[in-house]
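S.K.: Chains A and B, in that order, give the protein sequences.
For the first sequence, our numbering assigns the number 1 to the initial residue and increments by one for each residue that follows.
For the second sequence, our numbering assigns the number 1 to the initial residue and increments by one for each residue that follows.
Keep in mind the hints are simulated off the structure, nothing from the lab.
In this text the structure is predicted, and so the values were computed from the model without any measurement.
Using N, Cα and C, we set each Cβ at its ideal position, and we do this for glycine too.
Some hints here could point you the wrong way.
To be verified - Okay, the calculated beta carbon distance ranges per label pair:
{"id": "1", "chain 1": "B", "residue 1": "A276", "chain 2": "A", "residue 2": "I25", "range": "50 to 56 Å"}
{"id": "2", "chain 1": "A", "residue 1": "A223", "chain 2": "B", "residue 2": "G119", "range": "27 to 33 Å"}
{"id": "3", "chain 1": "B", "residue 1": "P121", "chain 2": "A", "residue 2": "S16", "range": "28 to 34 Å"}
{"id": "4", "chain 1": "B", "residue 1": "G97", "chain 2": "A", "residue 2": "L156", "range": "26 to 32 Å"}
{"id": "5", "chain 1": "B", "residue 1": "R127", "chain 2": "A", "residue 2": "P129", "range": "38 to 44 Å"}
{"id": "6", "chain 1": "A", "residue 1": "A110", "chain 2": "B", "residue 2": "G40", "range": "23 to 29 Å"}
{"id": "7", "chain 1": "B", "residue 1": "T72", "chain 2": "A", "residue 2": "A223", "range": "41 to 47 Å"}
{"id": "8", "chain 1": "B", "residue 1": "A276", "chain 2": "A", "residue 2": "L156", "range": "50 to 56 Å"}
{"id": "9", "chain 1": "A", "residue 1": "A133", "chain 2": "B", "residue 2": "Y15", "range": "49 to 55 Å"}
{"id": "10", "chain 1": "A", "residue 1": "N161", "chain 2": "B", "residue 2": "Q125", "range": "35 to 41 Å"}
{"id": "11", "chain 1": "B", "residue 1": "R127", "chain 2": "A", "residue 2": "A110", "range": "21 to 27 Å"}
{"id": "12", "chain 1": "A", "residue 1": "A162", "chain 2": "B", "residue 2": "R127", "range": "47 to 53 Å"}
{"id": "13", "chain 1": "B", "residue 1": "G40", "chain 2": "A", "residue 2": "A162", "range": "49 to 55 Å"}
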Amino acid sequence: MIAVGALLHAKQLSRSPFEIATALIVPVVQATLAVYLFRAGGEPGRMLEAAVGAGLMGVWSSVLFGSGGAIQNQRWLGTLEMIMLAPRPPALVILPITLATALTGTYAMAATLLWGRLLYGIPLDFADPVAFAVAVPGCVVGLGMFGLLLASTFVLLRNANALTNTLEYPIWLVSGMLVPITVLPGWTGPIAAVLPTTWGARAVREAATGSGAVWPSLGVCLAISIGCLAAGALMMTYVERRARAAATLALA
Amino acid sequence: MSEYAIEASGLRRTYRSRTGWLRPQRREVQAVRGVDLTVGNGELFGLLGPNGAGKTTTIKLLNTLLIPTAGTARICGFDVVGQTREVRRRIGYVFGGDRGLYDRLSARDNLRYFAELYGVPGREQKRRIAELLELVRLTGRENERVESYSRGMRQRLHIARGLLHRPRVLFLDEPSIGVDPVAARELRQTVAELAATGTTVLLTTHYMAEADELCGRIAVIAGGRIQALGTPAELRHHADGRRVLEVEAYGVTDDRLAVIHALPGVREASLEVVGAAQVLAVQSDARVDVQADVLRALDGVRLGRVTARQPTLEDAYVAIVNRVDGRRAAEAVPA
Ligand SMILES: Nc1ncnc2c1ncn2[C@@H]1O[C@H](COP(=O)(O)OP(=O)(O)OP(=O)(O)O)[C@@H](O)[C@H]1O
Ligand SMILES: [Mg+2]
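Excised from the complex, chain A in its bound form (with noise of 0.2 Å):
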């Protein structure tokens, strides 16, 4: 069901004129980016370090508006209550549509990678392909769990297109998706551990540069993500209910 779910709604996602034209453009903004930052930082060898980190902050906005406006979206579309008539948990209801927010984000990974190769020859020799193979489809997975959290808690929040502008940022500086956290002041230390875009991040990071060992870097983005999910399910009980109670299923 999930799968399916999730597949369907990549569908409907990537078919989006907006989305498809954002497609286009983004990577290729993103690639040209990635290789000045470090041209100018004099370290061509990272290059591809630097595309990859683009490639996740593609995947990461993707889930950050796809997934904090899911709700909103299925509302407007009127399939909202039409979905919540399912006999399943809310949660599960919900979930396909942010794994196909991370899902149709992914793309953003590839093309940046592949207009990196083309516009910019950075070449693409992966230190571990295989575990660069597993880890953004796993990162992906993460993403997508934590993404029923952004769900629920949006909903609930009057300013959330606000709070999804000003998350989009910051996000992926702590998270080190495109500079090294160490870097980073002291202070953002803990917030990045306890986020699931940071393991992510080191997981897929670590197969492409061969810096470091992969699997628990990935069990860690994992396990935090499921704490999202379970977290994310409750919130989507408790969002389902007071929808109900308040009429807000429907586009009012």
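Please build the complex by placing chain B with the ligands on the supplied structure of chain A, with the hints as guidance.
M.R.: Positioned in the frame of chain A, the structure of chain B with the ligands alone reads:
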């Protein structure tokens, strides 16, 4: 198995909304004010009423989308608040309108997704979806994206979705909106067949003929309360002792309508636009012949055919609903 498919007692629902931002004002709408209802297994039950009467709200209270402010309801013996999942397994919901579908997916993908969601077993899905596409006559177009569908086609897809998991209780909220006459007839046939094979159907519609043809029993709801309940034949008694005069006219004003309404012996007067013409329906006591008075009141208006007939379900409906309006107007006068 419970004796009744649908039981509701003392069902109430108040909507609270806040308007204004700087100085928020609370507004309350009592949409449903105490509805008692029992519908037997396999019954085809109609819910009629004017716009804003509380029909949709009642349906959403019964199908778990809303939590009642007061009162209780059971579907097949399961409580709609406490045993939500058991209820949802047994119900289907179809509403009128062209929203509620994934536009960028094909009809087949939409059905596949909802089949999965509603727990149709994997090996059955393909056959069931093909069956339903055939039933709503979308076969051949099932791989096109829904965004390219006409309104009626979307509505038919809604219906197919509502039937996917073979629900025991089916809620149809204005299912025939936007559906062409041929398809509407097929829809009525489908609904009748479903009821004949044991599915309980709760139907709302604004088409009296549809309700008359299909429903075993009908409740007329207005102002959030059930005003009359019975078989179509029983409801027609509300117009007993009356006659209906129908006049085709062009350009009847509200003032003239008020004058006609005030004529001696006239009980109801309503105006409906049919194509370019208006149809004025005047209900009067059967003993009084109001034709001459009505035609005099319409002096100067271009008229078409004038016919006198026996009251229909629609006339009975108008009588019931107007009685409520009259009472409410009386209540509104401060004591
Ligand atoms: N979400 C909501 N918030 C506030 N008021 C609402 C909401 N939904 C419905 N109402 C109000 O409740 C009343 C009953 O509405 P409902 O939709 O049940 O009517 P209905 O009988 O289905 O009408 P129609 O024939 O137009 O479909 C109306 O006065 C409507 O304005
Ligand atoms: Mg309605």
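S.K.: If a hint holds in the structure, say so; if it does not, say that too.
M.R.: Here is what the structure says about each hint:
1. A276(B) - I25(A): 50 to 56 Å: The hint (50 to 56 Å, Cβ to Cβ) holds, given that A276(B) and I25(A) are roughly 53 Å apart.
2. A223(A) - G119(B): 27 to 33 Å: holds, 30 Å
3. P121(B) - S16(A): 28 to 34 Å: About 32 Å separates the Cβ atoms of P121(B) and S16(A), which means 28 to 34 Å holds.
4. G97(B) - L156(A): 26 to 32 Å: Since G97(B) and L156(A) have Cβ atoms about 28 Å apart, the given range 26 to 32 Å holds.
5. R127(B) - P129(A): 38 to 44 Å: Hint holds: Cβ distance 42 Å, inside 38 to 44 Å.
6. A110(A) - G40(B): 23 to 29 Å: violated, 58 Å
7. T72(B) - A223(A): 41 to 47 Å: holds, 43 Å
8. A276(B) - L156(A): 50 to 56 Å: holds, 53 Å
9. A133(A) - Y15(B): 49 to 55 Å: The hint (49 to 55 Å, Cβ to Cβ) holds, given that A133(A) and Y15(B) are roughly 52 Å apart.
10. N161(A) - Q125(B): 35 to 41 Å: Given range 35 to 41 Å: holds, Cβ gap about 37 Å.
11. R127(B) - A110(A): 21 to 27 Å: violated, 37 Å
12. A162(A) - R127(B): 47 to 53 Å: Because 49 Å falls inside the window, the suggested range holds.
13. G40(B) - A162(A): 49 to 55 Å: Once the Cβ atoms are compared, 53 Å apart, the range 49 to 55 Å for A162(A) and G40(B) holds.
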